[in-house]
Amino acid sequence: MYAIETHNLYKTFGWFLSKRKVHALNNLELKVPENVIYGFLGPNGAGKTTTIKILLGLVIPSKGHSKIFGIDTHDPDTRNHVGFLPENPKFYPYLTASDFLDFCGKIIHMDAMERSKRKDELLEKVGLTHAANQKMEGFSRGMLQRMGIAQALISDPDLIILDEPITGLDPMGRADIKRILLELREEGKTIFFSSHILSDVERMCDMVGIINHGQLIEHGSLDELRSDIGVNIHTTGVASNALMEGEKLCDYITLKNGEAIFTLTNKSDKDTVMKFISDNGGSVIRSVKLQEELEAFFLRRIQNDEKAREEEVN
Amino acid sequence: MLGDIKTVAQGTFDRYFKMKELYVILILCILNIAALSRYDVLTLNMGKEFMIDGALAILTVVALITSMAVIFEKSRELREKTAHFIITKPYGRSSYIWGKFIGISFLAIFNMAILTAGALIVFKLTSYENVMANNLATEFIYAALLITAEAIVLTALGLFFSMFLSDTITALMVLVFFILGHSFYILEKMSSESSKIFGWVSDILPNLHNLDLKSAITDNITITQDVLGYGLLYAVLYAVAFVAASSMIFSRKDIS
Ligand SMILES: Nc1ncnc2c1ncn2[C@@H]1O[C@H](COP(=O)(O)OP(=O)(O)OP(=O)(O)O)[C@@H](O)[C@H]1O
Ligand SMILES: [Mg+2]
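So the sequences go chain by chain: A and B. Note that this note's numbering has the first sequence beginning at 1, numbered continuously upward. Note that this note's numbering has the second sequence beginning at 1, numbered continuously upward.
Computed cross-link-like contacts, DSBU-like style, restricted to lysine-lysine with a CA-CA straight-line distance of at most 30 angstroms:
| no. | chain 1 | residue 1 | chain 2 | residue 2 |
| --- | --- | --- | --- | --- |
| 1 | A | K67 | B | K81 |
| 2 | A | K106 | B | K20 |
| 3 | A | K90 | B | K253 |
| 4 | B | K6 | A | K90 |
| 5 | B | K6 | A | K106 |
| 6 | B | K20 | A | K90 |
| 7 | A | K135 | B | K6 |
| 8 | A | K106 | B | K18 |
Note that these hints are calculated values from the structure, not bench results.
So here's chain A without its partners, still in its complex pose (with noise of 0.2 angstroms):
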């Protein structure tokens, strides 16, 4: 079973009759699976927000299915087992944090014990305890964000859904809020979320979609979607007189700790460094594959499928 699954999922923005139709989503085919941290990339405009909306019922699809947990999102009963973190969401600016998930406690029917229970024991885990009775309209944005999380599990969700959590925050901010999404990870939870960063999302998704044009264009494990670019040979022992001669056949080598490391582009020949390291009294420690950045792939797939689409079009 998939966390969340869509099936051939169209939105179309605008009057029956009016001329000026967004075409938010093109037939999206989406799966995630349970218990990953899914980053969903795409440009202003892809359809991100639309989608996790459709999600959570906040927007009708005009056409298609989606599905949480194998339940049709028609049934708002899914609802019960996702958390959502609405885009730069501001909250009651004349609450406490603490009222502010008593709040959401009472509308989700649990009782005063439990309550003041679950928000000791969120605060703690989003790192507020201090601000609990703190109005929340002196928040910073990354204080806002976190207690935006944890509204998010306050029913102890197993889907947490979160557009554009960590844009706008400092690397301080973004760094919290990474560490509190694997922690969820960890429990055996599913996450969700929309992200421009992409530094970011490479360092903590299992995996990736690229939607563009409301189109899925792209969806896997990082490593799987990123080409090798290159290796990265560790050796020691090569003769030091050599490595100016060895530079000619690699890319570069740096020095460090001891250890001579030949920095090879896909367009070295890797044999004929191999060669030239056993031949100079050299061994390789280990090799290190070198992968293209998610930023650099993120740009070349949307730069590939624009080109697409306008071929498509002439």
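Given chain A, put chain B with the ligands in place with the hints provided.
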């Protein structure tokens, strides 16, 4: 669902209840009523009538403003995504609309109660002894109840319009219907035995004349409990119908 409605209503009411500005406004209104006592000469000894009339007018304006709060509050909560926690819950959208309506209705009742009490105290203090005679206090309370009912009708109407229109336009529409609503009874007069249609139209539009007894009490026409009862019943049925319609529309709407 009833529990959720209560939670939303209470949250809405509490927010205003804790606002200092609200009390400043209410106190200013009561002072304003007191100030009307200075017009006895200017109104050629009609000071008493003027004061009662003025007090009721002030109540009506506060009722109108209170009922408009729901429009701006709802749209702000959706824009700032404060409402999303509730509306993503099962049946949350209906709970949200009913909760907002009930919360603001209670606010209207609260405001009217304070202003009525304030006005009655002012009447007493400005020593128009006869104010308290002739059942005037009772009738004033009746009139205030009907103005409260008017606020509730306008709140429901505002919620309904806000399903299709922007905030500003909705507020303007409420204002227009508030002004016209007091005149729609003319349509009722036009309805005859053969065509009751005008009567129905005026009741849907809404017919605020049913709730309008300001002139009656200043002219010393006794308000019977029947009139009061009919007015309140009309208001409640009207509001329930429009809030139910709003809640149904809101449940099927895309939230952007
Ligand atoms: N209520 C709406 N009415 C009309 N068009 C809409 C509405 N909501 C979204 N759109 C359009 O649908 C498309 C997808 O929007 P969406 O908000 O899903 O994008 P996104 O991927 O979340 O973008 P961003 O990264 O900017 O948040 C956009 O072209 C947007 O203009
Ligand atoms: Mg978005």
